[in-house]
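> Let's have the full structure, built from the sequences with the hints guiding it.
Residue numbers (the numbering used here), protein chains in the order written: chain X, 1 to 460; chain S, 1 to 1497.
The hints are simulated quantities; they were obtained by calculation from the structure and are not laboratory data.
Bear in mind that the values here come from a model prediction, so they are computed numbers and not experimental data.
Ideal placement from N, C-alpha and C gives every residue a C-beta, glycine not left out.
Among the hints, a few may not be true.
Residues from chain S that keep clear of chain X, each with C-beta distances beyond 10 angstroms, as calculated [said to hold, decoys possible]:
id	residue
1	Thr21
2	Ala35
3	Val155
4	Val231
5	Thr765
6	Lys1271
Stretch-level coverage of chain X by chain S, calculated; a stretch enters the list once three of its residues show a Cβ under 8 angstroms from a Cβ in chain S [to be verified]:
id	stretch
7	210 to 217
8	221 to 231
9	234 to 247
10	387 to 393
Residue strings, one per chain:
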Amino acid sequence: MLDTHPDLTSDVIFGLGWLYTILFLMNIGWTLRAYNLKLENKFLSGLAGSHIPSASVWAIYSGVLMMTALAHFTGSSSPESFVVRMPGFLKAGVDWFADPVRYFCLSIGLFVGVVMLRKQLVKPTVAWSLLNLSILFLGLSMTDYDFRLIVGKPDNVPIVGMLFILAFFTWLYFKRAVDNDQRIKDGRPLFEQEKNDKILVWPDLVYSELICMIALTAFLVLWGIALQAPLEEAANAAATPNPSKAPWYFLGLQEMLVYFDPWLAGVVLPSLILVGLAVIPYIDFNKRGNGYYSYEERKFAVLTFLFGFLPLWVAMIVLGTFLRGPNWNVFGIYEYWDVHKLEAANNKNLSDFFWLYWPTGEMLGGMPKYNPQGSAAEMVIAILVREWLGIVLVLGYFMVSPIIMALTVFRKFYVKMGFIRYMIMANLLLWMAALPIKMVLRWTVSLKYIVAIPEYFFNI
Amino acid sequence: MPATDDYLRQPQKMHRWFLGTTVVMFIAFIWMTAADHSREWKDYQSVFFNIQIETLEKDRAEFSVSEANRVIGRLEEDLEQAQEGIDASNDKIDALKEKYETAEAAFDLMGRQVKSTRAQRDVARANYDLGVRDAVSEPDLAKLKAIFDEWQAKVDSEELTLQGLSSEVDSLSVMLKVETASRDKAAERLAAVSKEKTQQEKRLDELSPSADGVMGLINVFKRKIMTAPIVDGFNGQLRIQQDWLPDLEEHLGMTSSARFDRCRTCHLGIDKVAAGNIPLYPHGGDIEELGHDHKKWVEEGKFPHPYSTHPNPDLYLTATSPHPTKDFGCTICHQGQGSGTSFQNASHGPNNPVQEHDWKEEYSWYDNHFWEYPMMPKRFEESQCIKCHHNVVELGVHPEFGASAPKVYDGYQLVRTYGCFGCHEIQGYKGTEPIGPDLRLEPQTAEEAERIASDPNQIAGKMRKVGPSLRYLASKVGRGWIEQWTENPKNFRPSTRMPRFFHLSNQQDEVAAEYQPVEIAAITQFLLKNSEEFEYLEPSAGYKPDAERGKTLFSQKGCLACHSHGDFPGSDADFGPELNKVHAKLPEGADGFKWLYTWVKEPTKYHPRTKMPNLYLDAYKEGETEIDPAADIAAYLLKGGAEEWASIDVDESALDDMVELFLTDVLTQKQFDEFMETRDLSLGGKLLENNLKGDEVELWNGIKPEDLSPEEWVNDAKWKELKLNYIGRRTVTRYGCYGCHDMSGFESARPIGVALQDWGRKDRTKLAPEHIEEYLHVHEFDFLAVPLQEGEDVEKLLANIDSPKQFKDWAESRTEDDSVASKPFEEMVRANERSQILGDIVHALEELEPNEWTEETYEHAGKSYLILLLDNESMHEKVEMYVKRGAADSFSDEEDREHAMSVSYMVENLLHHGRAGFAWQKIRQPRSYDYEKVETKDYDERLRMPMFPFDQEEIEAITTFVLGLVAEPPVEKYLYRPDGPAGDRIAGEFLMQQYNCTGCHVLEMPKFEYLAELDGLPSAAPGEPVNSAEAMALLHSLAPPRRVKVPGHVTQLPLEFSGMVSDVIDDLGETPEGWRNFVEAPGEDAEAKKAAINWDGDSDPAEWEFYVTLWENLLVERGELTSPVYPPVESDAEQVVVSLADDNSVNATVRPDEKTGGLVVSIVKEDLESTLKPESVTLTLDLVSGTQEYPLSAEGESFLLKKDDLPEGFGSLKDFYGSISVKFPDVHVTPSSRMGFVGEQLRSAHDGRGGDFTFWLVDELAKTDKRMDGKPDNAWNYVAPPLVREGGKVQTPWLFRFLQNPETLRHMTVLRMPKFNMSPAEAQTLANYFAAVDDTDYPYQEVPQRDAPYKRAMNEVFHEKYDETRTDDYLSESWQMFQFKGNKCIGCHTVGGREYFSSAKPGEPEVRGPNLPRVEDRLQPDWTMMWIYYPKWATPYTKMPVNYPLDKPSSLPLFGADPTAQSRAVRDALMNHAELLETQGVKIWDLPAKPEEKTNE
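Take a look at the structure:
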């Protein structure tokens, strides 16, 4: 009774029993599908040298799930000795990713992987297996106190749901796109042309919408009964919660605050995101891929959007929700949120590097100083001298690199788009790239600001 | 549109989907409504309504067997008969009625007529007035006047008619009433008897409507509807009960809002009480114990939460209590979320982990840390009292409510006595606004005191430092002693309050081993160096102190009121230190003697703020021998001789390390090295003294290097001293020694600890639990270590020991043996912290299993020990075991359980980072938060809080107090800061404790309760003026009686009173040994009593006779018994039996008297053995014509109402309606009566308050002093007087002067009132305190006897009554009372200008009373009067006789030999003593040989 952080309790085990039961029923359905379609498990057939139906494999798997569910229902009386739980080495392995660098690399890796392996991923069996794996992962993770605490918070539950929905729609997009790409390659009509699904507004559209509306309302009401609103303590400016988190949909923005000055992360970047989304139709010159799914025909658009959305937005929300703990430190999903955990954050500005650390520092003999009581002009000049390198780099980044890009990788784009459209697109692209660039610089050389003018609250 | 194949989805299918979703939606809606409707509180309310219904049903059942119910049938019959009678004369009545109605109609009509005529008249008058205003012509005005007159005449005549009509209506109404009188009376009687029944039915119908009739059905239906979901929101029966408390704001983050307490929504019965604040639904246990059947609860009168009533309705919730619900609500005291209406949302707080577990199971309870004010668990509930009760004192001592919050009061007292505030300031004011209890040190210098006094925004602290002054330390003790004391104070004195700073858990490593001796030696060096020159006092030259006499003086002069000493085992005062070994610490020879002599004689010389008073131990002469008590006492205390105390040899390299550690904080390493090299802190002028004025000042040596050669510069000895001084000062600063001790140079130093005034609200995330959770897993040793004498044979010792219990018993018996030092043993019994484990013993313990002992001995500090390991579990394991045992309910006794639950709660709380658990561990093992932290900390960053010797209960009390320090005072009107008497009582109580007044003086006599036979109570003693109405009135006004109200027929009752045991006699007629224990441990069962005193004697304590002298006025008021009387139900019954008492034990039988025809009443008591005879009996008859009282005359054993006295119309018992009242005589017992009873009757005994030393000294004197004749009652005349009713006795201004400068008052006492070190304001407060306690007017009392009007009035009476020629006025005659030859007053007192002269016969003890000239300023006139009437009423033990017994004529011829007049004359002469001495002078006057009767002349 003294254990304040019990990994397993009777209630948890019992609840997981239901989860495994549902998973078992889902797989029974899948087994029937495999049986009806008379699918064959090629891999095992190859090994055994004889015909092994896929259904039998799924049936065995379902059986295991059923046994697991039964074990949960019957074994909940002594939680301390219950064996089905997330193994320690797996926890350690997952927690190893609780580091911004590794986490970011993982998200980029996943992103690249999804794009590369899209043809395999869209196969039903693969998708189904991944769904199974993710649910198993969730179920096993639930046997950890700290994981349960974060994921089980009533306001975090929708985010878990969002991840599944997001995965489904991304999968749906790739499934359709891969299909259409294959059709185009084979010279067959597009899926959208073949399965022309023009329908009547009444009753097909409006009636369906009405039914969805009712179903969704009922769902929300039931959710409201089951998960009560998470009321916390009375607001107090003198004692703010630690960590203080933005609403989940802003956690990506809050993550940017780690790398950028508030005026950039809080004002400029959000505005640019909105403006950027609004101008997409005007800078998109690619006439193909209109009205149907395709990847091959709109590679640039798809990749740019997905990169901005998945690793730079959704992954940041996940990072902010599940991994950022007290003092905005990063914690593994199985790690205890200890307020005493510390991280050294000794970051340096570019001017510090130039004037103090690099060989130039030795040569120039320290940071240029100015008399704080002196005239404004003196000060501005001193600041410009101090920050010259950063200013040059930033200006170069936004002014020179579009030209270089126009001459190299975006040559065709420039030609098609014309100067203004091209410059807008290039700048938007550069702004988007600024985030990962700044992140990498922070992680690699502990760079704080490229241009640091705290005197005028202007830092980049 | 018809369905076609063109549709994407088949309409049929779509309809099915639509149906499906709507069904789901419908279910969701129903579910939502149901979830919203189903609330815990509704279930509680339903059950509570059922409880109420059951209770009413029970009452109804009781009523149905009652006399009244039986009578109802009869009364209905009566009513019917009366109605029949009326029906018979129906015609007459109808005619009357018709007349009446006609008359009434005429009257009504006429009334209307008059009204309109009056209006016309008023118009006429107004017109006339307007005419006057407009100055109309004379004739016009006359016309107007005529119109008015006309109308007025009309009004007059109509009014006359109206009056006639009115009287006609009245008379007709009376006539009608007479006709129906018998029926109306019958109806009235019926209504009166069935009133209770009707009310019960009405209440019952409100709670659950019965389905009788159409209306009933409608009501039932309405009730059903009103409980339906949604509808119930419109004033349904079940509803939220809310207390709105706009003034008791709740602090929510950045804002405050009015408090809403909805606790009564579930706790519906919480404030339901019957008259006299008796709980209607008394709490009787948990629901597990009582079961779920509410019928059973009602039957047994025991209710579980949440239905039960508050356990203390006298103090809380009820309208007559100081905390009514409507003003206080619940959460201001209990905390919790008042607006929550479920068990969880209310934030209930479990009292221990077992309860927490149960709650989790039952209510799905969890610790909601988002609510910042969770309900205080029961163990800390008192903590919230100090939000408003900043003085705290009234929570422990209160005239009406006693100790209402003893735990928080204990905590406060511990904080006060142990001086926690020396380091942890507890600021009670924000500016001048009070925010909580104020415990701050007083200003340490006169300048500071003045500065604060002149600042209107500051209030000075008032606490003195709790430790002795160290300002002149060098004169008192030597280096070695200071070192060993500092290292471990308990080493020298196990009972000391000084905490321990060294060898604690964060000082077990090598660094500490190296540094600690340096710190100790350095503190000592610094203290000695810092000590100032002390001026000694000395006895007169050549005086030889007598230690033997010193011992007697020590025991008698009052030292033992505060100190204890092994030579006097019966006294155990702990206000000051125990003095057994004081000789061992003082310097050898004359120095030690001189110091002690000075200290004993004039304590303020050594310490100006000491609490030790000046005992007036001045030298005096007894015959030819000079006696200097201070010298004798000093000689006695020093008898054992001084001891050698080895001093620490400081390791210089460790010293240098420490200097480096501290000095490199302010110097760079380079500078430091240079300093060590040159030994010059200025580094040759590179550093300025100004920049290094912290503790480094000790390192400046004040000489310039250039003045001296390098060899002379700082020699090695001086260098070491400098370094030690530096480390010493640094250590004193670090450990904050000056928080408790007065030290030179630290007057303005700030307390070093965390301020505690708002610690009860400390942000929990700001507590640093560090590795405490891991620490709790560390095994702790609990062991006994028995010190061995040199050369003892261990095998022999252990030969008879087979079990741990035997070992324990043996170990305990060893400590009583003087030859074995008990000090280390005691210390080690306490040692349950790893840190305290000493040296080799640690290793010994690690070898042992629990409950195993060693046969090898282990050495520590030069002594050998045998060890028994009791326990080596970790706290965590222990608590897990406690919790398991708690859940299984397997504790054998309640005390063990409470201890285990207390510990478990604290550990559990600590694991959840709670404040209580944190504080508990901090006090228990202050350095444990450094567990595995010292490895990464610098030595000077380690925790510094010392370890105090508190046990679990004390820690919990302190924690309770600290949790209440929230600095969130409610608005002014809620703060309990009374002025006037209540305020003075509180301020006085505070000082009583500060100066230990109760050490000597009894404030309240011990209280006893025994089962008394009312007939056996003592009556007046010879000479007691109980027949004098004047004397008795005076007694009642000065000593208001303890009134005991009992039902009249009770002859035996538990009687409580305060007094003093004067005699205990066993069946052999001797005073038995151990009787005190028996008195202190009473129980109803004689066997239990024997067990309580470990009885092994022959005589049975249950049969002992106890005699207690009553110290108060007792009045047993036996109330009147009244009961209604009804005629017998059977018409032929010969008598009526009335049950008078509730228990049916007393009956009155009424029957017609055959002889006289009247009524005879006899009172019969079932178990009547003795003389219970009513004082009077009254019959009240309720007749048709009205009620009438008839006092009955006694006629032998019965009471009679004669036939002639019987009212007209009373024919027989059939008409017998009314009531009968019986009054029994009161019993009055006056102070000083001897209450005798046997042991078996004794119910309880309480210690009273104060005077422990005096009780001890009385016994001691009775035993040792021949003058006492072996009687404690005599000895009371020789000790400090009890201060019972002191305020009504003395004049407050005199008391104020006396407290500041006590004069010799009582010449017989063996000790004197000492002069306390108190300020005039404090003396004033104390003087007021006594007056306030006794409800006397103060600060100035009148003495009318000195005023002219009184004298004039007395003169008039005097001349009228005794027209004597030889005197001219009343006072000069009064003066004669002292002036005649052979006056006995001067045998005891100095009075009337004549010196006391001993009247004692040779060999008899002298009896000398106070000098009476003082009386006029000292005593209050009324009290003096009572004293003269009967001195024992004031002080039962006094030697003062009754000089003028009021029950017989005086032998003295003055004032017509009227003793009352003489007594008054004596008082008046005393009150005018100075004036009379001046005007009359001493004139000795011969008493006439035989007084002559003046009245015959």
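> If you test the structure against every hint from before, which numbers come out violated?
Hints 1, 2, 5 and 10 contradicted; others consistent.
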